[in-house]
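Enquirer: Hey, can you work out the whole structure from these sequences and the hints?
These protein sequence lines map, in sequence, to chains E and A.
Numbered by my numbering, the letters in the first sequence go through residues 1 to 368 in order.
Numbered by my numbering, the letters in the second sequence go through residues 1 to 368 in order.
Quick caveat, the hints were computed from the structure, so don't treat them as lab data.
One should not assume that every hint holds.
For chains that are exact copies, the list does not tell them apart, and a pair is met inside one copy or across any two.
Calculated lysine to any residue pairs in the SDA-like style (CA-CA distance at most 20 angstroms, straight line) [said to hold, decoys possible]:
(1) Lys260 - Leu149
(2) Lys172 - Thr287
(3) Lys120 - Lys153
(4) Lys297 - Ile4
(5) Lys172 - Gln286
(6) Lys120 - Lys194
(7) Lys260 - Ser108
(8) Lys194 - Phe326
(9) Lys48 - Asp75
(10) Lys194 - Tyr171
(11) Lys92 - Gln3
(12) Lys89 - Glu5
(13) Lys100 - Leu44
(14) Lys260 - Arg133
(15) Lys260 - Arg151
(16) Lys199 - Gln323
(17) Lys29 - Cys201
(18) Lys92 - Thr176
(19) Lys89 - Asp333
(20) Lys320 - Ala138
(21) Lys92 - Thr6
(22) Lys92 - Asn141
(23) Lys92 - Ile4
(24) Lys294 - Asn306
Protein chains: 2
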Amino acid sequence: MLQIETPTLLLDKTRCLRNIDNMILRSTKAGCSLRPHFKTAQSLAIGKWFWERGVRQISVSSLQMAVYFAEGGWDDITVAFPVNILEGKRIKYLSQKCAKLQLLVESSSDVEQLDNLLEKPLGVFIKIDSGSRRSGIAAHNFEAVEKLLERIKICKKLIFKGFLTHAGHSYKARGTTEILAIQQQSIGLMRNLKSRFIKDCPSLILSAGDTPCCSVADDWAEIDELRPGNFTFYDVMQWQIGSCSLDDIAIATACPVVAKHPERLELVLYGGAVHLSKDSIVINGQTIFGLVAKLGKDAWELPDVNNYLRGLSQEHGIAKLSQSFFDEVVVGDVLAILPVHSCLNADLMRAYRDFEGRSYDHFGSYFR
Amino acid sequence: MLQIETPTLLLDKTRCLRNIDNMILRSTKAGCSLRPHFKTAQSLAIGKWFWERGVRQISVSSLQMAVYFAEGGWDDITVAFPVNILEGKRIKYLSQKCAKLQLLVESSSDVEQLDNLLEKPLGVFIKIDSGSRRSGIAAHNFEAVEKLLERIKICKKLIFKGFLTHAGHSYKARGTTEILAIQQQSIGLMRNLKSRFIKDCPSLILSAGDTPCCSVADDWAEIDELRPGNFTFYDVMQWQIGSCSLDDIAIATACPVVAKHPERLELVLYGGAVHLSKDSIVINGQTIFGLVAKLGKDAWELPDVNNYLRGLSQEHGIAKLSQSFFDEVVVGDVLAILPVHSCLNADLMRAYRDFEGRSYDHFGSYFR
Numbered sequence: 001m002l003q004i005e006t007p008t009l010l011l012d013k014t015r016c017l018r019n020i021d022n023m024i025l026r027s028t029k030a031g032c033s034l035r036p037h038f039k040t041a042q043s044l045a046i047g048k049w050f051w052e053r054g055v056r057q058i059s060v061s062s063l064q065m066a067v068y069f070a071e072g073g074w075d076d077i078t079v080a081f082p083v084n085i086l087e088g089k090r091i092k093y094l095s096q097k098c099a100k101l102q103l104l105v106e107s108s109s110d111v112e113q114l115d116n117l118l119e120k121p122l123g124v125f126i127k128i129d130s131g132s133r134r135s136g137i138a139a140h141n142f143e144a145v146e147k148l149l150e151r152i153k154i155c156k157k158l159i160f161k162g163f164l165t166h167a168g169h170s171y172k173a174r175g176t177t178e179i180l181a182i183q184q185q186s187i188g189l190m191r192n193l194k195s196r197f198i199k200d201c202p203s204l205i206l207s208a209g210d211t212p213c214c215s216v217a218d219d220w221a222e223i224d225e226l227r228p229g230n231f232t233f234y235d236v237m238q239w240q241i242g243s244c245s246l247d248d249i250a251i252a253t254a255c256p257v258v259a260k261h262p263e264r265l266e267l268v269l270y271g272g273a274v275h276l277s278k279d280s281i282v283i284n285g286q287t288i289f290g291l292v293a294k295l296g297k298d299a300w301e302l303p304d305v306n307n308y309l310r311g312l313s314q315e316h317g318i319a320k321l322s323q324s325f326f327d328e329v330v331v332g333d334v335l336a337i338l339p340v341h342s343c344l345n346a347d348l349m350r351a352y353r354d355f356e357g358r359s360y361d362h363f364g365s366y367f368r
Numbered sequence: 001m002l003q004i005e006t007p008t009l010l011l012d013k014t015r016c017l018r019n020i021d022n023m024i025l026r027s028t029k030a031g032c033s034l035r036p037h038f039k040t041a042q043s044l045a046i047g048k049w050f051w052e053r054g055v056r057q058i059s060v061s062s063l064q065m066a067v068y069f070a071e072g073g074w075d076d077i078t079v080a081f082p083v084n085i086l087e088g089k090r091i092k093y094l095s096q097k098c099a100k101l102q103l104l105v106e107s108s109s110d111v112e113q114l115d116n117l118l119e120k121p122l123g124v125f126i127k128i129d130s131g132s133r134r135s136g137i138a139a140h141n142f143e144a145v146e147k148l149l150e151r152i153k154i155c156k157k158l159i160f161k162g163f164l165t166h167a168g169h170s171y172k173a174r175g176t177t178e179i180l181a182i183q184q185q186s187i188g189l190m191r192n193l194k195s196r197f198i199k200d201c202p203s204l205i206l207s208a209g210d211t212p213c214c215s216v217a218d219d220w221a222e223i224d225e226l227r228p229g230n231f232t233f234y235d236v237m238q239w240q241i242g243s244c245s246l247d248d249i250a251i252a253t254a255c256p257v258v259a260k261h262p263e264r265l266e267l268v269l270y271g272g273a274v275h276l277s278k279d280s281i282v283i284n285g286q287t288i289f290g291l292v293a294k295l296g297k298d299a300w301e302l303p304d305v306n307n308y309l310r311g312l313s314q315e316h317g318i319a320k321l322s323q324s325f326f327d328e329v330v331v332g333d334v335l336a337i338l339p340v341h342s343c344l345n346a347d348l349m350r351a352y353r354d355f356e357g358r359s360y361d362h363f364g365s366y367f368r
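Expert: Rendered as C-alpha cells:
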C-alpha cells in the first residue's frame, strides 16, 4: 500500500488506459492516424501503454524530450514546436537516431539554416496558424505558404511532409457547440490549404488536433493525423471546456493536511505552486487552483466544485471546503487535488505513483 | 563565454550580492538578526555567499529542503511552514543533525504528536496570522495562543521559542505608503502578543518579515528576527509592489527566439510555463508573464514595460515588443526574460549559470 508523507502525484492507471483506448478508437473511427503528444505524460512507462496498443508515432514539445523518447526506443517523432536552430547538434543527433523525424518550420531562415546543418534528410511540416495566434503562418496566407514551399523544394535535406496546426483557441470554448465551431473553422482552413497545394505536393498530409476538438468532434475528413496530448490525463480545465467528465481525470496530487481553520472552513495543505503550478480557472466566479477530493486506499472520490483550492503560494495550498467535508478532516490526513492543468502538474512533480506503490518515470527526472 | 541553446537561468552575481549586502545592512540597522529564507534561491552555492557574510541561521519551506541545507553544513534552521507530522522520520533525523531546529505549530494536535515522536528536544514557534489569512492563529486571539502555550509547556521535547508571522498581504500593496501601513499593522499585532506573554515567557522572540516590508520599513522595534527570501533575486512583482528597482532583479531566463510575427509585433520564444511558471501580474491593464530584455555577453539590458510576455503555454512564450526592439531581433537570437516571480522561476529551472558559464546548484536538482 502507498504510504504518503509529502506531496505525491498519483496515477489512476484504469482511467488513463480508458482515456488512451478511447482516443485510439476515436481516431480510428475518424479515419485519422493518432500521433499522441507525449508532452503531457512525458513518460516512457506511460508511453509503453500506447506502444502496446499499436501506436508507433508520437509528438513531443522539445528536442530534449525527443532525445529522451528516441533513446527509449521511439523512432517516429514529430517535434511539435517551432524548430530551435540553436540546437543544431541535437537535431543532427536525432536525425541519425530516428527512422523518421519531423520538425516544424515557418520561415525561410528556418529552412535555410536547417538545410545547411543537416547531414541526413528529415521531414518538415509548415506550421499553420488556424486561429490560435500563437505560432505559424496564417492559414489564409497562401502567398507566404507558397513562397516557403518553393524554398523547401530547393533544399537537399528537407522533405516536405505537409501542414500542421494546433487549434489552441479551443481552450477558450465552453461546451460541445463552441468546441465544434472552432474545430470546423480550423479544419476548414486546413482543407483549403490542402486543396490549393495538393496538386503540387500530392503526398502532403494535414496534421491537427488539440484535446478539446479531438475529444468531441467526429468529422475529421481530409485530416490525416491527430496529435492530442492532454487527454492522457485530462484535468479540471478540460472538464470545464467540455472535453471530459470529472471521472476521466487520471492524475491527482496527494497532499497532507497541515492546519485547519474552522472559522473560514479552510485547510492548509502541503502542496503549493511548486507542485501544482499556478494555472487557474474561474468556476462560478471563483478562481480555483484545483478541486479537493477525499482519498481512499485505492482511489480518490469524485470531487465537487464546492471543495477547491482558493489559493496557492510556493508550498502552501489553501483549500476551501463545505462544512460536512471540513468536519471529517483532521490534521495529518491526506487529500487528493485534481489539477487545473495536468501537463504542468506532472511536469512539476516529475514522477508518478499508482495505488499499489509502483513508480512511473517522467522526463523531468532526467533532463533540464 | 556562455553558449545558450535552450532556456537557461542566468544569475547576475553582482546584483545578487548587492541585494544580500543591502538586506544584511538593513537588518543590522533595524536591530534585528537576519534569518534569510532560502526557499528563493534553494542553493548551497548561493547560501555560501550569506555564510561568508556572517549569516548562520536560515529559514526553509519544507523538511526536505531543511535536509538539503543541513547536509550542506547549515545547523540553525527554521522550517517556516506548518509542521507536517507525517514526516516524523525526517523530523527526527533533522533534530539530531541540526544544533538548532525550529518548527511551527498552531494546534494542540501538532504539539502533542510532535512531542510524542521526538527523542531530542527542538524549538517551536507558534505561527501567528497577522493579516495574511493563510495559516496560523489569529494575532488577536490571545485565548487560543494562551491555551496552546500551556499545552507546549507540559511537553518534554518542545522548547517554546516565540511567535512567528509572515505578512503575506504586503504582496497586495503598491508603493511605500501601502507597504508601510501593512508592516505597522502586522508588527503592531505582534508587539501586542509580546506584551501579553513576555512575563510568562521572558525569552520569547518575535520573528517576522516578508520581502516587501523588509525592503522598505525601517522601524522594527521589538521584532527580533527578519526572514525575507525573495530579496535575494527580487522580480517584476516586487518591482511593481515597490520593494526594488528593475535594476535589482538578479535572475533572468535566456530564451531562444524561434519565430517572428511582424503583423502583430510578436515573437515566439522557446521558454514557457515549464520554465517561467504561470505566475502573472497586471501592468497598465495588461496581464504579463515576464519582461523582455536584450541580452549582451555579460549582462542583460534593463527592460521596459513595452516589451513583455503576453502569454505562456507549456514551452512557448509569446513576446509583444515595441517596433524598434522587434526590428532588431532575428530568429536564433537569445533574449532575457525577467521573471514575474523569481522563486517559482528558479524552482522550475533547477540550476543557475553566470555570465562566465559557472553553474550554481539548486535543491530541485536533487530532491522531489
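Enquirer: Hint by hint, say whether it matches the structure.
Expert: Evaluation of the provided hints:
In this assembly of identical chains, Lys260 and Leu149 lie within 20 angstroms of each other by CA distance solely across copies; the values are 18 angstroms between and 62 angstroms within a copy. In this assembly of identical chains, Lys172 and Thr287 lie within 20 angstroms of each other by CA distance both inside one copy and across copies; the values are 16 angstroms within and 17 angstroms between. Taking the shortest alpha-carbon separations for Lys120 and Lys153, only the intra-copy value of 16 angstroms comes in at or below 20 angstroms, while the best inter-copy value is 74 angstroms. For the identical chains of this complex, Lys297 and Ile4 are intra-copy neighbours only, at 11 angstroms inside a copy versus 46 angstroms across copies, given an alpha-carbon limit of 20 angstroms.
Taking CA atoms no more than 20 angstroms apart as the test, Lys172 paired with Gln286 passes in both settings, with 17 angstroms inside one copy and 18 angstroms between copies. For the identical chains of this complex, Lys120 and Lys194 are neighbours neither inside a copy (27 angstroms) nor across copies (73 angstroms), given an alpha-carbon limit of 20 angstroms. For a Cα distance limit of 20 angstroms, the shortest separation of Lys260 from Ser108 across copies, 12 angstroms, qualifies, whereas the shortest one inside one copy, 59 angstroms, does not. Taking CA atoms no more than 20 angstroms apart as the test, Lys194 paired with Phe326 passes in neither setting, with 56 angstroms inside one copy and 32 angstroms between copies.
Taking the closest pair of Cα atoms, Lys48 and Asp75 come within 20 angstroms of each other only inside a single copy of the chain (13 angstroms); across copies the shortest separation is 45 angstroms, beyond that limit. For a Cα distance limit of 20 angstroms, the shortest separation of Lys194 from Tyr171 qualifies neither inside one copy, at 25 angstroms, nor across copies, at 52 angstroms. In this assembly of identical chains, Lys92 and Gln3 lie within 20 angstroms of each other by CA distance solely across copies; the values are 18 angstroms between and 44 angstroms within a copy. In the homo-oligomer, the alpha carbons of Lys89 and Glu5 lie at most 20 angstroms apart only across protomers (10 angstroms), although the nearest pairing inside one protomer, at 42 angstroms, exceeds that limit.
For the identical chains of this complex, Lys100 and Leu44 are intra-copy neighbours only, at 18 angstroms inside a copy versus 43 angstroms across copies, given an alpha-carbon limit of 20 angstroms. In this assembly of identical chains, the alpha carbons of Lys260 and Arg133 lie at most 20 angstroms apart only when taken from different copies (12 angstroms versus 44 angstroms within one copy). Taking CA atoms no more than 20 angstroms apart as the test, Lys260 paired with Arg151 passes between copies only; the shortest distance there is 18 angstroms, against 64 angstroms inside one copy. For the homomeric pair Lys199 and Gln323, neither the shortest alpha-carbon distance inside one copy (66 angstroms) nor that between copies (39 angstroms) is at most 20 angstroms.
For the homomeric pair Lys29 and Cys201, neither the shortest alpha-carbon distance inside one copy (26 angstroms) nor that between copies (74 angstroms) is at most 20 angstroms. In this homomeric assembly, Lys92 and Thr176 never come within 20 angstroms of each other (Cα to Cα): the closest approach is 43 angstroms inside a single copy and 54 angstroms across copies. Within a single copy, Lys89 and Asp333 get their C-alpha atoms only as close as 49 angstroms, which misses the 20 angstroms cut-off; across copies the closest is 17 angstroms, which meets it. In this assembly of identical chains, the alpha carbons of Lys320 and Ala138 lie at most 20 angstroms apart only when taken from different copies (18 angstroms versus 44 angstroms within one copy).
In this homomeric assembly, Lys92 and Thr6 come within 20 angstroms of each other (Cα to Cα) only across copies, at 16 angstroms, whereas the closest approach inside a single copy is 41 angstroms. For the identical chains of this complex, Lys92 and Asn141 are neighbours neither inside a copy (31 angstroms) nor across copies (66 angstroms), given an alpha-carbon limit of 20 angstroms. For the identical chains of this complex, Lys92 and Ile4 are inter-copy neighbours only, at 17 angstroms across copies versus 43 angstroms inside a copy, given an alpha-carbon limit of 20 angstroms. Proximity of Lys294 to Asn306 under the C-alpha cut-off of 20 angstroms is restricted to the intra-copy arrangement: shortest distance 13 angstroms within a copy versus 46 angstroms between copies.
Checked against the numbered hints given earlier, the structure breaks hints 6, 8, 10, 16, 17, 18 and 22 and satisfies all the rest.
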